[in-house]
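I would like the entire structure built from these sequences, with the hints used as guidance.
Residue-level listing of the chains:
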Amino acid sequence: MRTKKVTFRHRWLPYALVAPQIVITLVFFIWPASQALYQSVLRQDAFGLRTEFVGLANFARLFADPLYLESFFTTVWFSALVAGSSMLVALVLAVMADRVIRQATTYRTLLIWPYAVAPAIAGVLWWFLFNPTIGILAYALEALGYDWNHYQDGTDAMTMIVIAAAWRQVAYNFLFFLAGLQAIPKSLTEAAAIDGAGPVKRFVTIQLPLLSPTVFFLIVVNVVYAFFETFGIVHATTAGGPGNDTVILVYKVWRDAFEGLNLGSSAAQSVILMAIVIALTAIQFRYIERRVEY
Amino acid sequence: MSDISLRDVRKVYSGAEAPTIPGLSLEIVSGELCVLVGPSGCGKSTLLRMVAGLEEVSDGEIAIAGRRVNDLEPAERDISMVFQNYALYPHMTVFNNMAYGLKNRGMPKDEIRRRVDEAAVMLGLDGFLARRPRELSGGQRQRVAMGRAIVREPAAFLFDEPLSNLDAKLRVKTRVEIRDLQQRLRTTSIYVTHDQQEAMTLADKLVVMNAGQIEQIGTPIEVYERPASLFVAGFIGSPPMNLLPPSAVPSLAPASAPEHALIGIRPESMVPADDGPIALDVRVVERLGATSTIHGRLPGLESDVIASVPSTVPADPGRTMRFSSPGDGVHLFDGRTGRRLG
Amino acid sequence: MVERRPLLTFTQHAVLIVGAAIFVFPIYLAFVASTHTGTEVNRGLPLLPGDQMQENYAIVLGEGLSTAGAPPIGLMLMNSTIMALAITLGKLAISLLSSFAIVYFKFPFRVLAFWTIFITLMLPVEVRILPTYEVVAQLGMLNSYAGLSIPLIASATATFLFRQFFMTVPDELTEAARIDGAGPMKFFRDILVPLSRTNIAALFVILFIYGWNQYLWPLLVTTDESYYTVVMGIQRLANSGDQLPQWNLIMATAILALLPPVIVIIVMQRLFVRGLVEVEK
Ligand SMILES: Nc1ncnc2c1ncn2[C@@H]1O[C@H](COP(=O)(O)OP(=O)(O)O)[C@@H](O)[C@H]1O
Ligand SMILES: [Mg+2]
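Protein chains in written order, with the working numbering: chain A, 894 to 1187; chain B, 175 to 516; chain C, 308 to 588.
Honestly, the hints are just simulated from the structure, not real lab data.
The hints are all genuine.
Taking lysine-lysine pairs in the BS3-like style, the calculated list, with each CA pair at most 30 Å apart, reads:
no.	chain 1	residue 1	chain 2	residue 2
1	A	Lys897	C	Lys413
2	A	Lys897	C	Lys493
3	C	Lys413	C	Lys493
4	A	Lys1094	A	Lys1079
Being a predicted model, the structure only gives us computed values, none of them experimental.
Next comes the structure, spelled out in structure tokens:
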């Protein structure tokens, strides 16, 4: 890791400068994380009086627990839906906006602001619109012959949180797709046009391949978002229900920690989540490195 | 008044195998403009930056105005520097760029004002003090960099290729301005450049460097007229000096010349003469206006021999032209050591 | 555009306008709901704004929904503002300082410091909920502004962005400053920070939105209602137990909760876009 070629010399100043960040990181990040690691291999008795070392037993129990597995698959399914739908919509909008260069910024203004809305607020908004008794969307669906009720129907509930999560994320994806498209030299598409390729063909053969790094990057970012930042949507609206149909992993860790009070299991769940973040970050960095080489 | 002295100064960059400057001594007299010239990478900037205090001295001693400065911070050395890219603070106005160093020294406000105004007038920047660097032309930025150096009223100015970022025309104009300014202020200066023409026109004292070492020190005329080595002969003067084996021009070689000697004749010293001893088969004639540059071949030689002649001299490709050279136009070098003979 | 195809152009604008409309739609309806009486909303959602706007907003801002056990939104908005600003300014400050140290000094443990900061990327709150809560509890920081903000101000992203930017600042500027007699802190204050102001502004937008929108963290560290933030507090209104939710007031709250970050993002759009695309690079 490089420094500047030209550096200052001082005996204690650099330590003083990094101290605030390092102290906060150690106290609020590293220490709790290592606690989680440590507790994940322990088991406490019912009164919290005795702890014993149990190795990977907490993990083994988790993966034998149908509720945990269900939550795992719920999360994966949820992430796939959020990433897929928000990227697809964003890509369509970005392609349209890219072609109308002159007004692209206007449309950008109209499209980016949902990113500023907190996931929890987004959840509450859609929850209201889908409310089975007074929600306008539920009403419209009923007119179409569909009996919407996210209090009873797990699929309806999942659909609702996917829409709420994706609605906000489209804005983010749109920005990156638009930036990616605008970075493609116009001469390339013009050359293809001269070669007789129509707009659709140009998109498929030229823009999409050149956009693939952005697509890849956004997949990772969206999966991270769906995994870790959507807690508020679930907590503020479905609270995991109906049944356990919308219990995503982060929601489960939280619920088990504060309601179930099973330290070892909660810690093991945290460790698994950590492993997922680390894996996703590593993938993201591989991608960044590759891009740096260009 | 001050002078700068370098004694056995060495520089080895950490991690480098060979020293960048293996050991170099140089004395610069008060008020003198000393130009360090040499090819890119020969260590000129390194040397200058050691004087400035931006680079540590590995060994040896540097003194400014009789005071050893090796261990002093740049700000304590009483020098100012003009960088190649000017290094103006982009977010500060021209006034603040010039005033920043003075403020840091705790100079009273009205004194700062007075000095900056004076420098601005001197440099024709008086209408621009409230502007930011990005609102200035390249030449104006260069002058702000000069102004920042002047207001300090330092013991020495250090210039590192200050004209390289200007276009050719502006470079020549600014060169004259710098010369004029330095002569008025009489501030001891070290000026680094790789451009031999710039070096010749500016220098009181010319120091030709090669691979971290000094090849020759002298006035520009001395260096031009008596280059101390093949390197200097090739580096100073444009087009460069022709270097020929004695066998190619036997009549010009002194009898005492050893076999491995090389004879050097500047293109400007090639005088057309019907009975001259150098017969060139003319290949290309470049007409520059006042002069023409003739590229031709001597029988049996691989490379071109170049002659600069008044454009009135008739010359055409395909012809053979004969040249002679006056006695003091012929230089003799040892082809093995590269040093001048006699 | 490469060639003229009026129909295509029309389709593009149509898609974009419909897209934008779909995005505004939930907010519009929320606003409409916030301008009617509770009964009107419960009878079936009206599509045009009503005349209860002042009343509804006055209630949520001033009195709060005592029935839902929630304090006035005015207080929550203030808490959110304090938290968002503390997180934003805190992150900016400590990231500027630490990246300055890492880029402009060579010191033992420099690489270790860098990796320690880097690791925070891999440890979002969500993966260490309980132990972090315990640390904060032990430090007596539950139900305090310090507890709401300090644990969130370590930021690898901001540190990286500044590091990246500092690496592009020409060395000659540092040298010129040294010759001008500026020590490290003077250089930092007079030159580096002013030069970073665009980056600082861009990060300000991103971090403010991040801070304002925190949900899980305030939920963990506050039990005292007077420290609730609006984004977190809204769920208390929405899940008000047996009572019928007062949708008009909940939507008024939602509008108030989303307005500040939305205004920030729209006003500072250019900086935000630049900052975001750069941060993620
Ligand atoms: N900071 C440094 N670390 C290592 N080597 C350097 C450094 N700066 C310059 N050099 C090397 O020292 C030599 C001289 O460089 P420099 O003084 O910049 O040459 P000049 O100014 O004459 O072009 C070059 O070979 C260069 O690569
Ligand atoms: Mg140089």
